[in-house]
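Asker: Protein chains in written order, with our numbering: chain B, 18 to 374; chain L, 206 to 357.
Please keep in mind that the hints were generated in silico from the structure rather than gathered at the bench.
Bear in mind the structure is a predicted one, so any value in this text is a computation, not a measurement.
List of simulated lysine to aspartate or glutamate pairs, EDC-like, C-alpha gap at most 20 Å: (1) L:K341 / B:E168; (2) L:K341 / B:D140; (3) B:K127 / L:D348; (4) B:K278 / B:E319.
Computed beta-carbon distance windows for the label pairs: (5) L:R316 / B:Y227: 54 to 60 Å; (6) B:L150 / L:E336: 27 to 33 Å; (7) L:Q335 / B:F148: 31 to 37 Å; (8) L:G285 / B:E315: 57 to 63 Å; (9) B:F148 / L:A227: 32 to 38 Å; (10) L:G243 / B:L150: 49 to 55 Å; (11) B:A152 / L:R316: 51 to 57 Å; (12) B:L349 / L:E251: 35 to 41 Å; (13) L:G285 / B:G42: 55 to 61 Å.
A virtual CB, placed ideally from N, CA and C, is assigned to each residue, including glycine.
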Amino acid sequence: MYVAVKGGEKAIDNAHALLAEERRGAEEVPELSLAQITQQLALAVERVMTEGSVHDRELAALALKQAQGDAVEAIFLLRAYRTTLPRFGASQPIDTGAMTIRRRISSAFKDLPGGQVLGPTYDYTHRLLDFALAAEGAARPEVKAAETGLEPSPRVTDVLRHQGLIEESGPGADIPGDLTRQPLNFPAGRDLRLQNLARADEGFVLALAYSSQRGYGNTHPFAGEIRMGEVAVELVPEELGFAIDIGTITVTECQMINQFKGSKTVPPQFTRGYGLTFGQCERKAMAMALVDRSLRAEELGETVTAPAQDQEFVLYHSDNVEASGFVQHLKLPHYVDFQSELEMIRRLRRENAEAVP
Amino acid sequence: MAYAANENDARRLWMGVLAQSAEAELARLWSGLSGLPGWDHLRRPEVGLVMVRGRMGGDGGPFNLGEMTVTRCSVRLENGAVGHAWVAGRSAAHAEMAAVADALMQDPAWRDVVGQKLVAPLHRALAAAQEQAGRKAAATRVDFFTMVRGED
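Whole structure, please, built from the sequences with the hints as guidance.
Answerer: Okay, here's the thing in structure tokens:
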């Protein structure tokens, strides 16, 4: 328990002024613009949008600038800002099958309609520091454009589905549950679990996904497909009564294909795990898909033995704003609590000393 | 530019083009329109959030992915035509231009001019950007060869 304290206003003001000075850094170095952050630190911006759960590049860039690049603090700032805005409604579900593809790979099929498209990737780079980037204005290799664009690229899961080799996703509810509107209850439906994982801390989800691969509830996954690109967001305004495009967003989708499940009536089929993020958050989308599949253990008749399969453990600890708040609340004054503990330990020691002859 | 026979489909198309276009490009073409009628706000530009939904497994039931900022605006032209706009982001100016353009596109006296000078060039720019991105992506398309393992 912590108690209210008074005073310290002047020290707080001075601390914040000091923070502003540190944030700005040396005056002779040009200040970062939001455009520089959105353009040149795009993956940081996209992580903040995904976990902050608000798609707005400029706001995410501002949050990063204000937080001196601290992703979790920036995510907190974005979450706080969203509470100041009204909710106009919900979009039609985005159609990732109709994505304008910029990257699309499958580790399950070598040849697939639409092909393997690497796009802007860190895969196959040597992970050697590039000192040419340290010098501003360095030349970069020329970007090539093919004669023609890509042919239609059906989702890998659609291909398997047409052959009956993979489970159906199921229609779900017309209106999905919303964690931002109602408290989480267990067992939580897959709609709520996916919403939770989409906003979850990347590090936490990544570690859980890794644990599942190492044997804590293994699901035998293949990266059936990863695709990244642009999708239109459609909404039906009340005043119109038909759907319109309100903008285009970049998303990353991961379809994990996992080992089989069958029964006396249904022949064995591959099972699935799903990941979806704003922007280009590929590691997060992959980890999310692994954890989504792990969390389906009970539904698929598997014994729940590992942390990644435990709904309460995963969903209650995945949010970095909540986690950061609870860990950091330990900085608040606990003076009264601690005084009582001090008194207790002194009494115990006194009793101990008196007991010794 | 040609519009679909169905008025709603036609409107869907131009509203989508107006929403998806870059604000700077919209403003540049807007400044080339002259003698526009006056308008009143039915709804001043208002910033809010829309919950973006995905589908479980990409093809199943819906789930909430996260919100996006959106600005909406509604206007009435002097001659009574009403226009609406819902535009991603927080730009009041973008939403207002889109709403006025939507009203003008429904006005027979303005449709041709606004269609030709505003909507068509924006549509072409969007299509060109999409085509260019597609050709750059296509240049990164690979064919993996599985190597024959050296097993006798």
